[in-house]
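Chemist: Could you build all of it, start to finish, from the sequences and the hints given here?
Each chain, letter by letter, is given below.
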Amino acid sequence: MKIAVAATGENLDSGTSPVFGRCPYFILADVNDEIGETKVVKNPAMMAGGGAGIQAAQLLAEEKVDVVISGAVGPNAFEVLKRFNIKVYEIQPGTVEENINLYQKGELEEISVPGPENRGRAGMGAGRGGGRGARRRF
Amino acid sequence: MRIAVTGGKGGTGKSTVATSIAFEMAKVHRTLLVDCDVECPDDHLLLSITREKVKDVETFLPSFDQETCQKCGICSQTCRQNAVVFVTGEYPFLIPEQCNGCGACMLACPWGSITEDSQVIGTIYQGHLEVQESLGLEGVTQGLVNNFLLISGEVAVGCEASTLVVNATREYASQLEDDYLFTVIDTAAGTHCDVISALMDTNLVLAVSEPTPLGKHDLELILELLEKMGLDAKIIINRADLGSLDLIKTLADEKGVMITLEIPYKKEILENYSRGVPALEGLVSDLVTDLVEEALQDDLVTVEDEMKEEDP
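Top to bottom, those sequences are chains A and E.
Going by the working numbering, the first sequence opens with residue 1, and the numbers climb by one from there.
Going by the working numbering, the second sequence opens with residue 1001, and the numbers climb by one from there.
Among the hints, erroneous ones may be present.
Claimed, not checked - For lysine to aspartate or glutamate, the following DMTMM-like pairs were computed, each having C-alpha atoms within a straight-line distance of at most 20 Å:
(1) A:Lys82 with E:Glu1227
(2) A:Lys64 with E:Glu1090
(3) E:Lys1071 with A:Glu63
(4) A:Lys87 with E:Glu1090
(5) E:Lys1071 with A:Glu110
If you're looking for bench data, these hints aren't it; they were derived computationally from the structure.
Here the structure is a predicted model, which means the values were calculated and not measured.
Modeler: In structure tokens:
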């Protein structure tokens, strides 16, 4: 099975990222009983103007990932992952490897409902008007 | 003549000023009030108006034909919104909430597999003032009712393309403008695209702020935007007797923008507001007289227009 973990760095020792669409890297690992081959993918959606989560989810579907370990996934990205039968598990603080091990032991929780939109955008507060200009592109 | 009411900061009294000015103008002149704060239009609430739907605002939505689709993925690569999902070997599909209706995917598809569909992204409403004696609103005569029309745009819940709704609201209002001497446009807070669309092609902008550090900060942003857009601005200070008036006065001097009205913090204003009647009744009459005079001077409104109005 292929597991993708949202990460802040490029290897198994890297820290985990609390955001999905705009995390810097995804670490992809072939996992059976143990962690086999791994691959790092730089997330092209990190700097996307809009729809970052969708683009990141599309990337993971292209990589034929079975499971994503990540922080909150927004509704649009969640829809894409669901469409490709990719399951989402809630990430824990720590390293990528630690999270894969936790998943293997069945200690990560499956996320079955999407989180709020636009969580990963810098400066996107709950306040009305905050940072909206950056998001609209008309 | 088109007058926009904006201000940068939220909650400074833009809608309060816009509704009161439009109401005051309509006592004498045919006036259109256009609520372009499409994410939460509330001018109708401030004037106790029951809105009726005029029409839906629709935008382009791509429709994918699987019979002719060659699964090349160009549609997905073209989409700047990342609204078209494509994975090798699969048919592309759309996340409609993310689509802004630009149509680039349809133009880019080499196979002609994308055709035009539409989705509703908002609604345009209109509403008239009502003679409501129960509200104790003495000023509403039949003449005023006839002179006044509210146009109000509202974006659909969850839709991101709010600026398209502002544009559609403006466009609809512009078709009616021949019958009205003044158009008062109420904008959203901020300096984003919705606000810019609401401000475009206006003759005068009233920037409403309050004498607080945040009010000053956001006023500065909107004044800079207005300067960039080449629009004439005047400042209205709300709650002028609270906070520090010098904050705004210094900024106004720096920018060379006139402060045209100072609204005090008064209980009656809040009482009017809570009753759904023009909150600044009596406080904006001089301002409106000046605006009308200036409009005449600058030929933004002609004497013929006024004559036409008196003899419809």
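Chemist: Determine for every hint whether it applies to the structure shown.
Modeler: Hint by hint, here is what the structure shows:
1. A:Lys82 with E:Glu1227: violated, 48 Å
2. A:Lys64 with E:Glu1090: holds, 12 Å
3. E:Lys1071 with A:Glu63: holds, 17 Å
4. A:Lys87 with E:Glu1090: holds, 19 Å
5. E:Lys1071 with A:Glu110: violated, 32 Å
When each numbered hint is compared with the structure, violations occur for hints 1, 5.
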